Amino acid sequence: MSSSLAIQRENIRKLFPDTFKQARKSRLRGQIIFFLVLVYLIVGFFTLDVVDIPKKWKPQNAAMFVLDTYAHKDHVTMKWENHEDIKIAFEGNYRSVYGRDNLDKSIPDWFYKNSDNVGNVVEFNNKGKAILYKDKVEIVNFPKYERDFTIKLNSNGKPYLVGSEDLVIEDLKGFRITENRVEFRPTLYERIQVYPKKVEIHRYSIGWKYFWFDFSSPLEPYTFFEALGLTFSKERVVPEMSNLKLFLTEIKNNEAFMHGRVWWAMLETIVMAVLGTMFATVMALPLSFLAAYNVTPIKTLRFMLRRLFDTLRGIDFLIWSLIFLRAFGPGPFTGIFAIGFTDTGTLGKLYSEAIENTEKKQQEGVQSTGASKFLQHRFGIIPQILPIFVSQSLYYLESNTRGAVIIGAMGAGGIGLQFLGALATGNDFENVAYMAILVLAVVIFMDRLSAWLRRILIGSDQLIVR
Amino acid sequence: MTKALPANLEQIEVNLKKLTNQRTRSSLLGIAILILIFFGGTLVSLEANAGSFGRGIANFFNYPRDLFVDTFEMGWKYWPRVVKYIPELIITLNIALFSTSIGFILAIIFAIFSSRNLIRNKKVIQFTKFLMDVTRSFPTLIIAMVFLYLMGKSSLPAVIAITIHTAGALGKLFTEAIENCDGKPIEGLSSVGATWTQKIRFSVLPQVLPLFLSYGILRLEINVRESTILGFVGAGGIGEMLAALIQWNYGADVLACMFLLVGTIIALDYLSAYWRHKLIGANQ
Chain B
1 MSSSLAIQRE
11 NIRKLFPDTF
21 KQARKSRLRG
31 QIIFFLVLVY
41 LIVGFFTLDV
51 VDIPKKWKPQ
61 NAAMFVLDTY
71 AHKDHVTMKW
81 ENHEDIKIAF
91 EGNYRSVYGR
101 DNLDKSIPDW
111 FYKNSDNVGN
121 VVEFNNKGKA
131 ILYKDKVEIV
141 NFPKYERDFT
151 IKLNSNGKPY
161 LVGSEDLVIE
171 DLKGFRITEN
181 RVEFRPTLYE
191 RIQVYPKKVE
201 IHRYSIGWKY
211 FWFDFSSPLE
221 PYTFFEALGL
231 TFSKERVVPE
241 MSNLKLFLTE
251 IKNNEAFMHG
261 RVWWAMLETI
271 VMAVLGTMFA
281 TVMALPLSFL
291 AAYNVTPIKT
301 LRFMLRRLFD
311 TLRGIDFLIW
321 SLIFLRAFGP
331 GPFTGIFAIG
341 FTDTGTLGKL
351 YSEAIENTEK
361 KQQEGVQSTG
371 ASKFLQHRFG
381 IIPQILPIFV
391 SQSLYYLESN
401 TRGAVIIGAM
411 GAGGIGLQFL
421 GALATGNDFE
431 NVAYMAILVL
441 AVVIFMDRLS
451 AWLRRILIGS
461 DQLIVR
Chain F
1 MTKALPANLE
11 QIEVNLKKLT
21 NQRTRSSLLG
31 IAILILIFFG
41 GTLVSLEANA
51 GSFGRGIANF
61 FNYPRDLFVD
71 TFEMGWKYWP
81 RVVKYIPELI
91 ITLNIALFST
101 SIGFILAIIF
111 AIFSSRNLIR
121 NKKVIQFTKF
131 LMDVTRSFPT
141 LIIAMVFLYL
151 MGKSSLPAVI
161 AITIHTAGAL
171 GKLFTEAIEN
181 CDGKPIEGLS
191 SVGATWTQKI
201 RFSVLPQVLP
211 LFLSYGILRL
221 EINVRESTIL
231 GFVGAGGIGE
241 MLAALIQWNY
251 GADVLACMFL
261 LVGTIIALDY
271 LSAYWRHKLI
281 GANQ
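Residue numbers (our numbering), protein chains in the order written: chain B, 1 to 466; chain F, 1 to 284.
Pulled out of the complex, with its shape left as it was, chain B reads as follows (with noise of 0.2 Å):
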C-alpha cells in the first residue's frame, strides 16, 4: 500500500516537474527570510540592551512600586530623647498626623499601652507587634518568627540587636545591620527601622485609604454610601453649607486622589482628541473633495493636496505638537491643534481615496436630470461616501485619545502632564496607578462609543476601507 503510494507520488513529480521546483523554490525564500528575521531578532538583542534586562530589573524598586500602587502605610515615628512623644502620621505627611488636639481625628486602635503600662505597642496587620520604650524596641509575636527580639542602643549611641552573636542566619532572615541602622522588615507590609536618634515604623495595610474623602475632611468618618446618604439628611455635617455641596467640595478637593484636578485634566485630554478629531473632518472634507480625481479636473491641484496630505501626516504629532506649544503654551490648544493637522493629512487621503471609488452611475443619473456640477457632488457622491466618512473619523477618536495623552505628557497639560507629575513625585504611586486606571477606562470607553456609534450609523462596527 505505502510502495504503491510513493510511486504515485513519484508519478506526480514527474507529470509537473515546474510546479514542484517552483514549491521548492518558494520554500527556500521563505526559509532564507525567516533566518533573516531571526538574525536580525538576535542583533536587536544585543544592540538593545535586552540581554541587559536582568542586570536592570531592580526586583526591589519594582515590588515597593506595585506594593504602593494598592497599599498605603502609615509611620510611627520615636525620637529617643523624648520616648512619649510618638508621631503617628498617615503615610509620613506632616499634615496627616493622627491624634493631634486641634484636629479631632484619634488615635488608631493599632497603637495602644502595652499590658505592663509601660511600652507603647504597635500592632501590624498580621498580628506581629512592635513595643516601644524608653531604652528600648521588642519585636514580638511574629509569625514564621520562633522567637521574640530586642533591639537596643549600646553605650556610642549605635542601635544592635541583642544576642545577635547567638543567632545563626536563618534567624536573621528580614533583618538587615548597618552600623548605623538595624532594620527589620519580615514582608514587605512591616518594616521597622532603628536609628541612633529615632525609631521609624512602616504599617501598610491594602487599599487606597481617603479615596474619597481625605485625612482632614470632615466627612472622613463616614463611607462614601453613608456620606451619599447624609446628603438626603437636613442635619447639616458643618453648618457653612448643605451636605450635598459638602460632599461634592469634599470630593473634588481631596489632597489625596485631587479627584478635581485630575477630572478636570482628563477631561482636558478628551477636549483635545474629540476637537481634534472634529477639527481634521471639517477640513479634511473640503480638501478631500479637491484632491479626487473624479471632482477636480485641474491636475496640478489635486497633485498639491497630495503632498499637502502627505506633508501634514509626515510632520508626525510631535513635531506639530512642539511648534503648536511654543504659539499657544501648553493647554488643550496645542493639543486640538497638534491631532487635527496630522488627520487633516490622514483623513484628507482616506477620504479623498474613498471619493475616488465611488460609483459613477450615482453621479450619472443625478446628470441625467440636468442637475448642476455641485448638485451632482452633493445628491451623487455624498450619500455614498458619508458613512465611510464618518466611520473612520470614528475610528480615529479612539486613537487620538491615546495622542492626547500623550501630547499631554510633552507640555500641552492634560491627563498626560498630571500622570507625569504624580511619577515624579517617586512616592505618590497610587495616584500613578489611578491616572493609568483612568486613562484606560477613558480609552475603552471612547472605543467602545465609536463601535457603538459606527453601529447605529453604518450597521458595521469595521472600519470601512475601499
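It is worth saying that the hints were derived from the structure and are not from the lab.
Accuracy of the hints is not assured; some may be wrong.
[What the hints assert, rightly or not] Below 25 Å or equal to it, Euclidean Cα-Cα: the simulated BS3-like pairs (lysine-lysine) are:
#1 B/K56 / F/K153
#2 B/K25 / F/K199
#3 B/K58 / F/K153
[As the list claims (entries may be wrong)] Here are the simulated distance ranges between beta carbons:
#4 B/I53 / F/I86: 26 to 34 Å
#5 F/S27 / B/F46: 54 to 62 Å
#6 F/D182 / B/M64: 51 to 59 Å
[Said to hold, decoys possible] If you want a taste of the chain F side facing chain B, the calculated C-beta under 10 Å gives, among others:
#7 V44
#8 I105
#9 V134
#10 R225
#11 I266
Please read all numbers here as calculations on a predicted model, not as lab measurements.
Cβ atoms here follow ideal geometry from the backbone N, Cα and C, with glycine treated the same way.
With chain B fixed as given, assemble chain F onto it according to the hints.
Below, chain F alone, put in the same frame as chain B:
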C-alpha cells in the same frame, strides 16, 4: 391611458413624509449635539489654556521662522549637521523594528488563542480578548514612563512599551483576519486527520500571512513615530536628541532632526504603501 392610482398612494406619501421628518429630526439632533460639543470643548480649552487663542494664532509662525532663519545663517555648513544625527535616527528605527517584530510574534499567539474558529473554549477566548484590550488601550507613553522610572534611562522601556502595545493592537486585527478566513481548507485538513498545529500551519497561515505582513508593515510605520515620541521622554534615539536640542535652543539642529524625521516618515509611508500593494493587491 390614465391608470387608476394605487389606492394606498396617500398612505405611502404620509409614511414617506413621516420618515423624512424623522430623518431630518435625527440629523438636526446630531448637528445640535456636535455644536454643543464644539462650544463646550472650546469653553474648556479657553479656560484651561495658558495663553490666549488670538495671541497663539499670531505667534504661530514665529517658531518655525526662527528655526529657518537659524538654518539659513549657517549656509553650506548645515549639511554635515544633518548627517551627524543619522546614527540617532538609526537607534530610533532599530527600536521600532525590533519591538514590531517581537510584538508581531506575540500578536500571532494572541490571535490564535482568541479566534473562535480555532479555539473552542470560550473562557480562553474571553481572557485573551481582555488581555488584548488592556495592552492595546494603554498609551505606550504610560507604560514606558513606568518602566523608565523602574529601570533607569535606556532604550529598553521603549522596546517593552511598544512591544506590549503592538501585541494588543495587531492581535485584534489578526483575530479578525483569522475569523474571516475561509473555513473550507480547515475542514479539508480535518477530514484527512490533521492535528491542530498542522491545521493552523497549512490552512490558516497561508491564507492570512499576506494580510498579517501588511498590517505589520503599517504598524512599523506607526511605531517609528511612537519610538521617536518615547525618545522624547528619555528612551534614547533621535527623540531624546531633539528634546535636548529644543532645550538648548539650537534652532538649526532642531530643524535638521525634524527634516530627518519627516523624511523618514514620508519615505516609510511610501514604502509601506508599496509593500502592502505588492502583498495584498490594490486597494484592500
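Practice prompt. Quickly compare the C-alpha distance for B/K25 and F/K199 to 25 Å and report which way the hint goes.
Written response: Distance ~23 Å between B/K25 and F/K199 Cα, so the pair holds.
Worksheet item: Is the hinted range of 51 to 59 Å satisfied by the C-beta distance from F/D182 to B/M64?
Response: 52 Å Cβ-Cβ, so the 51 to 59 Å window holds.
Item to complete: Classify the hint on F/V134 as holds or violated, based on whether any CB of chain B lies nearer than 10 Å to its CB.
Response: With Cβ-Cβ at 7 Å, under 10 Å, it holds.
Worksheet item: Is 26 to 34 Å right for how far apart the beta carbons of B/I53 and F/I86 are?
Response: holds, 28 Å
Worksheet item: Taking only the CA atoms, is the gap from B/K56 to F/K153 under or equal to 25 Å?
Response: holds, 10 Å
Worksheet item: Can the suggested window of 54 to 62 Å be confirmed for the beta-carbon pair F/S27 and B/F46?
Response: With a Cβ separation near 59 Å, F/S27 and B/F46 satisfy 54 to 62 Å, so the hint holds.
Discussion item. Less than 10 Å between beta-carbons is the criterion; does F/R225 satisfy it with respect to chain B?
Written reply: holds, 5 Å
Worksheet item: Regarding the hint that F/I266 lies at the interface with chain B, is the smallest CB-CB distance below 10 Å?
Response: Since the shortest Cβ distance to chain B is 4 Å, the answer is holds.
Worksheet item: Holds or violated: are the alpha carbons of B/K58 and F/K153 at most 25 Å from each other?
Response: holds, 13 Å
Worksheet item: With 10 Å as the cut and Cβ atoms as the points, is F/I105 at the interface with chain B?
Response: Because about 9 Å separates F/I105 from the closest Cβ in chain B, which is inside the 10 Å limit, the hint holds.
Item to complete: Classify the hint on F/V44 as holds or violated, based on whether any CB of chain B lies nearer than 10 Å to its CB.
Response: Interface hint status for F/V44: holds (5 Å vs cutoff 10 Å).
The structure is consistent with each of the numbered hints, conforming to all of them.
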